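Number of protein chains: 2
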Amino acid sequence: MEEWDEIDVPNNVKDIFIEMKNTAELMVDLAYSSLLFQEKEIAEEVLELEEYLDLLNYHLMVKAVLAARSPKEAEQITAILQMGRAIDEISNAAADLAKMVLEEKLHPVVRDVILESEETIGKVEVSPDSILVGKTLEELDLATNTGVWVSAIRRGKRWIFDPDEDTKIMPGDIIIGRGTRTALDYLKEIARGILKVMRNE
Amino acid sequence: MEEWDEIDVPNNVKDIFIEMKNTAELMVDLAYSSLLFQEKEIAEEVLELEEYLDLLNYHLMVKAVLAARSPKEAEQITAILQMGRAIDEISNAAADLAKMVLEEKLHPVVRDVILESEETIGKVEVSPDSILVGKTLEELDLATNTGVWVSAIRRGKRWIFDPDEDTKIMPGDIIIGRGTRTALDYLKEIARGILKVMRNE
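Sequences listed follow chains A and B, in order.
Counted the way this note's numbering counts, the first sequence spans residues 18 to 218.
Counted the way this note's numbering counts, the second sequence spans residues 18 to 218.
Since the hints were derived computationally from the structure, they do not count as laboratory data.
This one's a predicted model, so the numbers in the text were calculated from it and none came from an experiment.
Please note: incorrect hints may appear among the correct ones.
Which copy? The list can't say, so a pair holds if one copy fits it or any two copies do.
[As the list claims (entries may be wrong)] Dumping the calculated EDC-like pairs for lysine to aspartate or glutamate here, alpha-carbon to alpha-carbon at most 16 Å:
1. K80 / E90
2. K116 / E68
3. K213 / D202
4. K116 / E58
5. K122 / D71
6. K31 / E133
7. K174 / D158
8. K122 / E90
9. K140 / E206
10. K89 / E121
11. K89 / E120
12. K174 / E56
13. K57 / D113
14. K31 / E135
15. K174 / E142
16. K122 / D202
17. K116 / E92
18. K122 / E92
Excised from the complex, chain A in its bound form:
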């Protein structure tokens, strides 16, 4: 990942917030993935995202404090700062999990816990004859059509974290996704080329 200095931080309180919420949620997903698959690379990404989130939180504080012009506004702005802190707490928790992966302090029960939770994490390789190949995430809309939320994609040696709507699925991609066991199994059948059609197609 690049230096944060070169990265655009959104310019207003609302957009900073949305970025913070999305980032914290991605961090939790990636932290669980790193625990389940014992992938240190994913764990390191979580720690980098934590730094990014701290930066966002700092910008939020600066902008919020500058915006306060009356006691009433100051009170509302305090609420914004509290919400920022709550999101920051979630990101710290995700970072704590990631550190356990990096320090190799893992217990066999961890894998079972994640696998047996209602909402879990899975990975699946995309076969060359899958209907996913060559389509963008926007076209596929896997969250709606399969119930699986794509957290990351491994392409050869490279990881794509937080893929966006223009990311195109390639043969051999390994998709890391979050969903119910049923939803993940359904996506697996599609990715392996067993199922040749998705809802809405």
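Using the hints provided, position chain B relative to the given structure of chain A.
For chain B alone, kept in the frame of chain A given last:
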């Protein structure tokens, strides 16, 4: 909700953990719902769940410490305690958000942030002629079939938090769900009786 003393706490480390992870995730969903819809009842539920999670964490610590019989085991068990603390941190963050709803310290930006996040919260009323009516959540499997995760259901004056697979959808139910905007819109069309078929039917 009942007194926790009367509630069965799972009996082994793994099951306590799974319960903790599911509870923390439910708390985050409910906290965002309470912020978005300014529902104090949901916010109070979040605070009750926080107490339950503290109790689970306490049981986890007791069982983990009792299980340690060697320095190597003690190290692994420390990892379990750290994971428990990370999940507890997430639940504290959710509780902080819920407290803001109860103290009415809200800022208009909060609603926008949740609505414009990638994954968001929505609510929809079930019309009497919807195909959802009379089916259980297990039969419907909305997470897989629509990409929407059901967090809670309001039935008249009553809230059903964390509905399970046997919960049956009734006409007039208000479903609070988490998903992408597209997934939530899709569920709305089904709940309103506009769409008469779901994938897999």
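Problem set entry | Alpha-carbon proximity context of K140 and E206, limit 16 Å | within (12 Å within a copy, 31 Å between copies)
Exercise. Are the CA atoms of K116 and E58 at most 16 Å apart within a copy, between copies, both, or neither?
Worked result: Only inside one copy: K116 and E58 sit 11 Å apart there, 36 Å across copies, limit 16 Å.
Exercise. From the Cα coordinates, with 16 Å as the cut-off, is the pair K122 and D202 best called within, between, both, or neither?
Worked result: neither (30 Å within a copy, 43 Å between copies)
For this session: Pop the pair K122 and E92 into one bin, within, between, both or neither, using alpha-carbon distances up to 16 Å.
Result: between (43 Å within a copy, 8 Å between copies)
For this session: Indicate which option fits the pair K174, E56 if close means a Cα-Cα distance not exceeding 16 Å: within, between, both or neither.
Result: Intra 12 Å, inter 47 Å, cutoff 16 Å: intra-copy only.
For this session: Pop the pair K116 and E92 into one bin, within, between, both or neither, using alpha-carbon distances up to 16 Å.
Result: between (36 Å within a copy, 15 Å between copies)
Exercise. For K80 vs E90, is the C-alpha pair at or below 16 Å within one copy, between two copies, both, or neither?
Worked result: For K80 and E90, only the intra-copy Cα distance (13 Å) is at most 16 Å; the inter-copy one is 48 Å.
Problem set entry | K57 and D113: within-copy, between-copy, both or neither at 16 Å Cα | within (13 Å within a copy, 31 Å between copies)
Exercise. Under a CA distance limit of 16 Å, which applies to K213 and D202: within one copy, between copies, both, or neither?
Worked result: This pair counts as within: shortest intra-copy Cα distance 14 Å, inter-copy 25 Å.
For this session: Could you place K174 and E142 in one of the four classes (within, between, both, neither) given a Cα distance threshold of 16 Å?
Result: So K174 and E142 pass the 16 Å test inside one copy only (14 Å; across, 47 Å).
Exercise. At most 16 Å between C-alpha atoms: does K89 with E120 qualify within a copy, between copies, both, or neither?
Worked result: between (47 Å within a copy, 15 Å between copies)
Exercise. Should K122 paired with E90 be assigned to within, between, both, or neither, using CA atoms and 16 Å as the limit?
Worked result: Classified as between: cross-chain Cα gap 11 Å, same-chain 46 Å, threshold 16 Å.
Going through the hint list in order, the structure does not satisfy hints 5, 7, 16.
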